[in-house]
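S.K.: Protein chains in written order, with our numbering: chain R, 143 to 816; chain D, 187 to 565.
Hints are not guaranteed to be accurate.
[To be verified] Below, in silico cross-link-like pairs of lysine to aspartate or glutamate (DMTMM-like), each with a Cα-Cα straight-line distance of 25 Å or less:
no. : chain 1 : residue 1 : chain 2 : residue 2
1   : D       : Lys240    : R       : Glu800
2   : D       : Lys468    : D       : Glu380
3   : D       : Lys219    : R       : Asp589
4   : D       : Lys240    : R       : Asp802
5   : R       : Lys575    : R       : Asp589
6   : D       : Lys219    : R       : Glu636
7   : R       : Lys644    : D       : Asp404
8   : D       : Lys265    : R       : Asp618
9   : D       : Lys219    : D       : Asp327
10  : D       : Lys392    : D       : Asp404
For the record, the hints were derived by calculation from the structure and aren't laboratory data.
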Amino acid sequence: MPASLTIAQQLAAKQREISVAEFFERNRQILGFDNLQRALLTTVKEAADNVLDACEESGILPELTVEIAKEGEDRYRVSVSDNGPGILRKEIPNVFARLLYGSRFHSHRQARGQQGIGISAAVLYSNLTTNRPARITSKVEEEEVAHVLDLFLDTQKNQPRVVRDEVEIWDRPHGTRIELSLKARYVRARQSPLEYLRGTAIVNPHARIVLVEPDGTRLTFERASSEPPPPARETLPHPYGLELGELAHLLKASRRSTLTEFLTKDLQGVSLRAAKEALLGARLSGSAKPASVEGEPLEKLLTSLQSVTLIAPSADGLSPIGAMLIKRGLRNVLGELRPEFFAPPVSRPPRVRGGFPFMVEIGLVYGGGLPADQPMQILRFANRVPLLFQQGACAITNAIASMDWRRYGLDQKGGSGVPVGPALVLVHVASTKVPFTSEAKEAVAEDPELDREITLALQASARHLRTHLTRMSRRDFASEKFAIIQRILPRLAEKTSHLLGKPVPDLTPVITRIMDVVNVETSLVKEPGALRLPVEVTNYTPRPRVLELFLEIAPEMFGAAAFDPAPDGTDPALGRAWWTLPKLAPNGRTRLTVTLPKEADIEANDLDWFVAGVDEARLLGADPLPGDWEVRLPRTIVEAAEAAAADAAAGSAKEEGEVDYDAAEASEGVRDED
Amino acid sequence: MPPKRAKASATKTDEEPVTVRADALAPTLTLAKEIYAQLAGGEIPRMRLPLRTKQNLSFHPREGVWKLGKAMGTRSARKLDGALMLLRTFYLVDFINEMSADKKTSTLRELYYISEGWDDAKFHSEDESNLLIEDLEVLCDRLREDFRLHPEENGASVIGDLTLKERNRKGIVKKFNCRDDVGDGGYSLPFNVEKEKIEFVSTGAKFVVAIECGGMVDRLAENGFDEKYNAVLLHLKGQPARSTRRFLKRMNEELKLPVVVFTDGDPWSFRIFASVAYGAIKTAHLSPYLATPSAEFLGVTASDIENYDLPHDKLSEQDVRALEAELTDPRFGTAEWRSEIELMLKNGKKAEQQSLAKYGLNFVTDRYLPEKLGEMGAL
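Use the sequences and the hints to build the structure in full.
M.R.: Have a look at this one:
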């Protein structure tokens, strides 16, 4: 009699381990291989992220070369090589051909990849779509030769299968190359390897990145900084971010002999007092063995720990890009667009949400070749990885869209939505745990604290933009006047004199009447040994002026600066110098020069000039002396300024109330007649 | 004001291609003197000009036309636009004086190209140069012909029983009738239609029909309307050129011919009528010389579109704006015009002259025009 199987037996027969192939098939979208275009991008991305992480850990300046060659219809070969530390022979198969094998999953520091799926998933995808092995070439410094391995990922066992294992001479001290054939499609669109590498180059200015496209085009993003970012330090887990299972794991693995010791030394932010308080709350003894805590007491311990006052998580695990590198990176990659303005990048101080530190950084670029009639370009980054998908669902985009940019000089319909204008904004969210909307890690999830930080950083950047735009409009206004006095008036005088047969009159009085400003103009002359910054102060007002000129530069730069003529006073601690200028007649001009060492990373408009002795409305290229400088001005200057103000009030009444003939003509719709 | 067209002066030589009065350019030098004095005196150069805007039109009952009012605007070198226009003014004055020395003339379009050599002061469009020439006319109380500037031949045509004498380019006087001695295209008007160029000899016509579109002129001519009703047909060619308006005014004044204006039924055609009858805004300084105050609007009116059930289009947004602008235009300030404009706005319809062809080719001459002219008492 055939033993009739119990239901349980029947079910058990059906149960089997899900193969990794099935796992892959079911999670294609999360893993980033759901279409041909994206598969290529994901492959490049996973390989590139590994390179940058490995180089960062070992303090190497990365050289990353990505070559994409067409092998057939919808089939490409991708080769990614680097100058990283290399991978030991015995590790190679597991690193590249085994899912969920990685070293970072449990670490508490910021890294690009974490789960150990990425590159092996790419290998698996390659195996599945082309039935060809991945080829890994890697050399570590200690060995003479490189190992060359051809790998398949065994989809039944999730184990690497090595089909070739040789050594080879490789003419570099260390490095790794991975070559894969895969079904894919190459485009140069927004979500392409090119865009990904461009974004990567912006936030990793210490990397040199080369892309060779299928048609042979070679794009190089040169290194813009020779300093690698300081590696993020590994930090201890903080109770605020702990989950039960993780705490259990930590307790089991701890080598501390007492619970008190475990709490204060294996965790972060727990003082002795806080530990006592927490133990009291959980009714646990401080001298208990860490491994002995399980079950209900474990749960109580976590609850109690999270309710006592703890020191905030340390930001040591974060690796921000830093203001200077943001500026360099943007300038390096966007240089050919010649943007007119790079706002000083904003790096917010680190904050904590849910036990994990995070920080927000912003770079803003305006003008030049950026399209003026398009929405602002948004470059999103999480832990230095460009986010190319799901822009609309991202907290970064939402923070941008919910700000009123009109106040800062950009067009925005109704004061919300992504503003329109020749602008580009870079937003970087760095955290030991970035809240993503999904496992695909394509967009940052909404979070009130994160949102607040992004908004504050955006506002700070936008204020710089507004200042710049105001300056530009003042400059436009001034350049109009300069055009009048330099190009038009002299010829008007010449023409009328010629018609009448009279000598050309002196135009100084008219010129100063039209301009009626004191102009401060700084230029930059790069000389072999130094940066020379000549400054010209011109009195384009109808009366003689006695002026006091003030300079403020970064105090650390002040010591290396030379001035000609010597200032009448200095305050090196604040980086300030000042001069009493010789009395300037109408149309009169004086010059002085600031010289800085050639290493100074500065532009002409990075120097802040202030002037006393003329009202703000009559000052161009400099700002009035701020009230908080508490400088005692010479009497002559105070008196001159007062007299000038009175003079201005008397003179400005003329011509008021007159209709501008040309403006009136232009506004009338009379063009359709005769 | 208004400037009197220069009479053939006694010093005129045979080579002079146009008639220019001897003191034509003196006022341009006065302008130069004013600006020079300002520059030398440390003042920001400026000129004051009457505003050529519809708000600055005023009606002169004696002449029956709209002229420029008293509101003045300032063109000052304080602003870039103003400074450029001042500079252009004297490039233009210089050019005019040079032409005078060389006894040359120039078309408006040539002037526009001449300005290519003026660097910053060059004109960006012919509109710009034409406006400046008009400014100079106003400032100097002269006509552009006095400045040796003239438009290209415009070719507006005349058909009807009208006998003229024209002095041609070779100085020979030809006499001809605008119905019997010309081709199907009619007599083509030169840009100069003054007495020294064209003299009226006689006419058998009883009135003039000024017509917007060439197709309608052809229709009336082919149907023999001019002969049957003793009419002179004048083609306006859209917004009529100065010479067309001047010729119309001369026919009206010297031959005592009543004038009716026959256009499309839309806001732009109302403006054509206004510039014929009342004077145009841009050339309001010349209204007494160009406008025909007794001209009457025949149609197509807003009520014609309804009464004759004409094929029509909906008013566009631009049309509506134009009509609304006309409601604040003093030239359309009469009760008749207001109700006409408001009716068109209310119905939201416009129609072309040629939509009358809905009822056949003869409808316009057999029925529409006789009816309309009858209503107006012109027949």
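S.K.: Now look at each hint and say whether the structure bears it out.
M.R.: Comparing the hints with the structure gives:
1. D:Lys240 x R:Glu800: 18 Å, holds
2. D:Lys468 x D:Glu380: 21 Å, holds
3. D:Lys219 x R:Asp589: Distance ~73 Å between D:Lys219 and R:Asp589 Cα, so the pair is violated.
4. D:Lys240 x R:Asp802: Satisfied, since the Cα-Cα distance of roughly 16 Å is no more than 25 Å.
5. R:Lys575 x R:Asp589: 13 Å, holds
6. D:Lys219 x R:Glu636: Holds, because 12 Å separates the two Cα atoms, which is no more than 25 Å.
7. R:Lys644 x D:Asp404: Outside the cut-off at roughly 59 Å; violated.
8. D:Lys265 x R:Asp618: Holds, because 12 Å separates the two Cα atoms, which is no more than 25 Å.
9. D:Lys219 x D:Asp327: Roughly 17 Å between the alpha carbons, so the hint for D:Lys219 and D:Asp327 holds.
10. D:Lys392 x D:Asp404: Since the Cα atoms of D:Lys392 and D:Asp404 sit roughly 20 Å apart, the hinted pair holds (cutoff 25 Å).
The structure does not agree with the numbered hints 3 and 7 stated previously, though it agrees with the rest.
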